[in-house]
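Chemist: Chain by chain, the residues run as shown.
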Amino acid sequence: MLGLPPALADLIHQLTRLPGIGPKAAERLALALIKWEPAEVASLGQALNDSVARVTDCPTCGCLSQDGELCDVCASEGRDASVLCVVEDALDAVAVERGGTYNGRYHILGGALSPMKGVLPEDLRVAELLERIQADGVTEVIVATNASPDGEATALYLKQELVELTAPGGAALRLTRLARGLPSGAQLDYADPATLQSALEHRTEL
Amino acid sequence: MRLKRLKLRDFRNYERLDLEFPAGIIVLAGANGAGKSNLLEAIHYLSYLKSFRTNRDREVVRYSCPLALIEARLADDDERPFDARLVLKSGKRHVRLNGNDITRFQDFIGRLHSQFFFPGDLTLLTGDPTLRREVLDLELLRLKPVLLPVYQKFRNALKQRNSVLKLLYPQPGRRHNRPVDLLKALEAYTEQLIGAGVAIMRERRGITKVLNEQFVPLYARLAPPEGESVSLRYLSAVPLEPDDQLAANYRRLLSESQETEASLRFTTVGPHRDDLGFILDGERDLKRYGSQGQQRSAALTFRLALAALSRQRLSDDPLLLLDDALSEMDDERKQRLLAICRQHRQVFITSASQREVDLISPLATVVYTVEDGLLAPAGSGQ
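Top to bottom, those sequences are chains A and B.
For the first sequence, our numbering gives the first residue as 74, with consecutive numbering after it.
For the second sequence, our numbering gives the first residue as 25, with consecutive numbering after it.
Worth flagging that the hints you see were computed from the coordinates, not collected in a lab.
Among the clues, some could well be false.
What the hints assert, rightly or not - Okay, derived cross-link-like pairs now, DSSO-like style, lysine-lysine, Cα gap no bigger than 30 Å in a straight line:
1. B:Lys208 <-> A:Lys190
2. B:Lys74 <-> B:Lys28
3. A:Lys190 <-> A:Lys232
4. B:Lys183 <-> A:Lys232
5. B:Lys31 <-> B:Lys74
6. A:Lys97 <-> B:Lys116
7. B:Lys74 <-> B:Lys358
8. B:Lys168 <-> B:Lys183
9. B:Lys116 <-> B:Lys74
10. B:Lys183 <-> A:Lys190
11. B:Lys208 <-> A:Lys232
12. B:Lys113 <-> B:Lys28
13. B:Lys31 <-> B:Lys113
14. B:Lys311 <-> B:Lys233
15. B:Lys168 <-> B:Lys311
16. B:Lys183 <-> B:Lys208
17. B:Lys28 <-> B:Lys116
18. A:Lys232 <-> B:Lys190
19. A:Lys190 <-> B:Lys190
20. A:Lys108 <-> A:Lys97
21. B:Lys113 <-> B:Lys74
Using the sequences plus the hints, can you model the full thing?
Modeler: Set out below in structure tokens:
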């Protein structure tokens, strides 16, 4: 029986370790890659090496950054340091940023609470969050964890941690949670009951 | 809901059965062991994907046969037909609905809505509270499918909270480690538990109330003439009244049970520990103080109350499967039960007594004599 050359088999095996890539997809990717020009392959390898060597977490917020420097948001003078948007992962911050209307800063927790799966409070970047709130004179924390059970529990846990903190000047720190409701462009009759229920609860004045 | 056509292959003692069933009361008469209950068991399988007698599919496959087949043409209350097909092998099931393979069994269970009574159904009353909570929740979700996420939320919060308790209170002998942030996480899950738990307790209390309205008069008509009344009550460690204090009461009980939680390391108060009570004369537990006759009547009445509620609230009249339900009743109560059955679209009644069959026959659409896995029409009453 004709087997695959060992070098190719090794490449396929390496690719299957990536998330979302099964054996079939890995085969297709590997076969495409070996047809690339050597220069293209070298530049892919370079990009890979660079990313691994240079991409770091922003020392302040935990967003994706480069060479240990502050991320663009933290480095920017124009961002409002008194508002913090707390998200589970760096990609969530990227998603909020794509929305284009948020002008505050971010804080990445690095996951969501789930004692069942072994994720405990100590595994989240909560101490850093508390420190930042005091140091930066934060007046509002927007909790933008996922609308999943774990995300909700994380929000409730953060509430426990933050509820007694005060903003500069002694006023209570404003704690908010992202609204839940209909996605833009959605048709009402296609919405699931839980979404509709939540949209009704969080309805706004016209 | 009704069963129009049934096909069995190698199911229990039915090698081959192909029959059409009319609406109304269908009597299955025959000696013990003839296969009357087996037929009801097949219909029960189509409804709940399980037997009421065994947990092992292998047992229902006819001796030395590779597989059993149950196939049915059903019709809902608007006479819309649908087909259900079930193949049972040892350790394997193959389920089809309208010709489509079903991989998620929950998409199949309950499509054929039925309520059943069989002599062993007494365990519903005398057995573990889990059984009663399951029945109550199943009916609640049928009436209000939007509650499913609430149940999922509760189960998740409960599991997570229990995980935190296990971390907070390690086994004796191990070092106690009680960081402040774990206590705060516990508090977060307590909030989630209360939010979903209160909703579940409210809904269960509500459905118990409307079920009770069906149950009490039915029980009075069907129970042994001893004069006692039986009612349904939702039993919770959490005081359910006044309603606006429910969340506060649950929170108080959870905080009072801290010591118990520390030693048992799981959540000991909430809807997951509640029960549906069958209460004799407004005070005593039927499970403990009722006679077997009373318990039997209560179990039967409970199923009939569920059917009546479904018909009233959802205009969904479930199929009734009554296995040997009349044998311990006097003639007057038999007549009353039959009068109730006549109000339902389709009812299967088994009986091993000729006298009983003679009593039912005038009210029945058709009477079958069951013998050795064969059904023969014994004539119809009307």
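Chemist: Each hint should be assessed against the structure and marked as holding or not.
Modeler: Consistency of the hints with the structure:
Only pairs whose Cα atoms come within 30 Å are accepted, and B:Lys208 paired with A:Lys190 is accepted, the gap being roughly 18 Å. For the proposed pair B:Lys74 and B:Lys28, the alpha carbon gap of about 21 Å is at most 30 Å, so the pair holds. At most 30 Å may separate the alpha-carbon atoms for a hinted pair to count; A:Lys190 and A:Lys232 meet this at roughly 21 Å. Under the criterion of a C-alpha separation no larger than 30 Å, the hint pairing B:Lys183 with A:Lys232 is consistent with the structure, at around 21 Å.
Proximity of B:Lys31 to B:Lys74 is assessed by CA-CA distance (about 17 Å); at most 30 Å being required, the pair is judged to hold. Taking the CA atoms of A:Lys97 and B:Lys116, the gap is about 29 Å. The hint holds against a cut of 30 Å. Annotation: proposed proximity of B:Lys74 to B:Lys358 holds, straight-line Cα distance about 29 Å (limit 30 Å). For the hint linking B:Lys168 to B:Lys183, the alpha-carbon distance of about 24 Å falls within 30 Å, and the restraint holds.
With a C-alpha separation of about 13 Å, the suggested pairing of B:Lys116 with B:Lys74 holds against the 30 Å cut-off. Taken as a hint, the B:Lys183 and A:Lys190 pair is honoured in the structure, with Cα atoms around 11 Å apart against an allowance of 30 Å. Distance check on the hinted pair: B:Lys208 and A:Lys232 sit about 9 Å apart at the alpha-carbon level, within 30 Å; holds. Straight-line distance between C-alpha atoms of B:Lys113 and B:Lys28 comes to about 25 Å, which keeps the hinted pair within the 30 Å bound.
Pair hint B:Lys31 plus B:Lys113 holds up; C-alpha atoms about 17 Å apart against a cutoff of 30 Å. About 19 Å separates the Cα atoms of B:Lys311 and B:Lys233, which keeps this hinted pair within 30 Å; it holds. Proximity of B:Lys168 to B:Lys311 is assessed by CA-CA distance (about 29 Å); at most 30 Å being required, the pair is judged to hold. Restraint check for B:Lys183 and B:Lys208: the C-alpha separation of about 16 Å stays at or below 30 Å, so the hint holds.
Distance check on the hinted pair: B:Lys28 and B:Lys116 sit about 27 Å apart at the alpha-carbon level, within 30 Å; holds. Between A:Lys232 and B:Lys190, the direct Cα distance comes to roughly 23 Å. Compliance with the 30 Å bound is thereby established for this hinted pair. Of the supplied pair hints, the one linking A:Lys190 and B:Lys190 holds, its CA atoms being roughly 13 Å apart against a limit of 30 Å. Under the criterion of a C-alpha separation no larger than 30 Å, the hint pairing A:Lys108 with A:Lys97 is consistent with the structure, at around 17 Å.
Taking the CA atoms of B:Lys113 and B:Lys74, the gap is near 13 Å; set against the 30 Å cutoff, the hint holds.
When the structure is compared with the earlier hints, no violation turns up for any of them.
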